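Protein chains in written order, with our numbering: chain A, -9 to 104; chain B, 5 to 117.
Please note that a few of the clues may not be correct.
Stated by the list, open to error - Listed next, the stretches of chain B that the computed footprint assigns to chain A, with coverage defined by at least 3 CB atoms under 8 Å from CB atoms of chain A:
#: 1; segment: 19 to 25
#: 2; segment: 49 to 62
Stated by the list, open to error - Taking CB as the label site, the calculated pair distances span:
#: 3; chain 1: B; residue 1: S56; chain 2: A; residue 2: S8; range: 22 to 32 Å
#: 4; chain 1: B; residue 1: W87; chain 2: A; residue 2: K52; range: 37 to 47 Å
#: 5; chain 1: A; residue 1: D91; chain 2: B; residue 2: G26; range: 35 to 45 Å
#: 6; chain 1: A; residue 1: T66; chain 2: B; residue 2: L50; range: 20 to 30 Å
#: 7; chain 1: A; residue 1: P86; chain 2: B; residue 2: K65; range: 21 to 31 Å
#: 8; chain 1: A; residue 1: A(-8); chain 2: B; residue 2: R104; range: 21 to 31 Å
#: 9; chain 1: A; residue 1: P51; chain 2: B; residue 2: D58; range: 35 to 45 Å
Bear in mind the hints are in silico, worked out from the structure with no lab data behind them.
Please read these numbers as outputs of a predicted model, since none were measured by experiment.
All C-beta atoms in this analysis are idealised placements derived from N, C-alpha and C, irrespective of residue type, glycine included.
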Amino acid sequence: EAGVAQSPRYKIIEKRQSVAFWCNPISGHATLYWYQQILGQGPKLLIQFQNNGVVDDSQLPKDRFSAERLKGVDSTLKIQPAKLEDSAVYLCASSPGGRVDEQFFGPGTRLTVL
Amino acid sequence: AQSVSQHNHHVILSEAASLELGCNYSYGGTVNLFWYVQYPGQHLQLLLKYFSGDPLVKGIKGFEAEFIKSKFSFNLRKPSVQWSDTAEYFCAVKVRGNNRLAFGKGNQVVVIP
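Please build the complete structure, drawing on both the sequences and the hints.
See below:
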């Protein structure tokens, strides 16, 4: 089965610019996650969708970050405006739901803010 | 504060040596526990998981982990590592009833041939 797809793989922008990332989860997976992984740290959950509804966005910096999953399938994460400290790998994951709810991760988008 | 702790961030060892990576968490209640691995240039993938039952779980590539509830630990072990085990290893914890998966900072493991 195809895995989680993300694009772009790399992005370099200047501070105060905006950027968007795209994620296509594994077919049939109802739950989609966006994580931020700063160098030297583990992934941190930014937002979780169940179908097209938000389950948890408590760690999303809502003044500059936004995410949507309009049709309950693919999703976009946007940063506007970007700050230097947003430099990180942004990971998308999906899971099928149910009791054994394993998350499958995409390759990530490495963002560098100059 | 609730957290997942992994010590010895950088581990260097020779092939055939034994590996043990510690993971401690501070969450109360029933937890689901995971170890993920990220090989160079690849994405995060599940190594093994514990949901219930036998606290000694076996994963892919000869890895195993033991859940010790009284110590809030889920240590990862492999008796004899190979060069191909060079990777970053992450412990993750999910509290039952809460969908959030919390990760530790990871262990960068380098195996010297």
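Quick rundown of the hints versus the structure:
1. 19 to 25: violated (count 0)
2. 49 to 62: Our answer is that it holds, as 4 residues pass the Cβ test (under 8 Å) against chain A, meeting three.
3. B/S56 x A/S8: 22 to 32 Å: 45 Å, violated
4. B/W87 x A/K52: 37 to 47 Å: 45 Å, holds
5. A/D91 x B/G26: 35 to 45 Å: 25 Å, violated
6. A/T66 x B/L50: 20 to 30 Å: At roughly 26 Å between Cβ atoms, B/L50 and A/T66 fall inside 20 to 30 Å, so the hint holds.
7. A/P86 x B/K65: 21 to 31 Å: Given about 24 Å between the Cβ atoms, the range holds.
8. A/A(-8) x B/R104: 21 to 31 Å: The hint (21 to 31 Å, Cβ to Cβ) holds, given that A/A(-8) and B/R104 are roughly 26 Å apart.
9. A/P51 x B/D58: 35 to 45 Å: Given about 41 Å between the Cβ atoms, the range holds.
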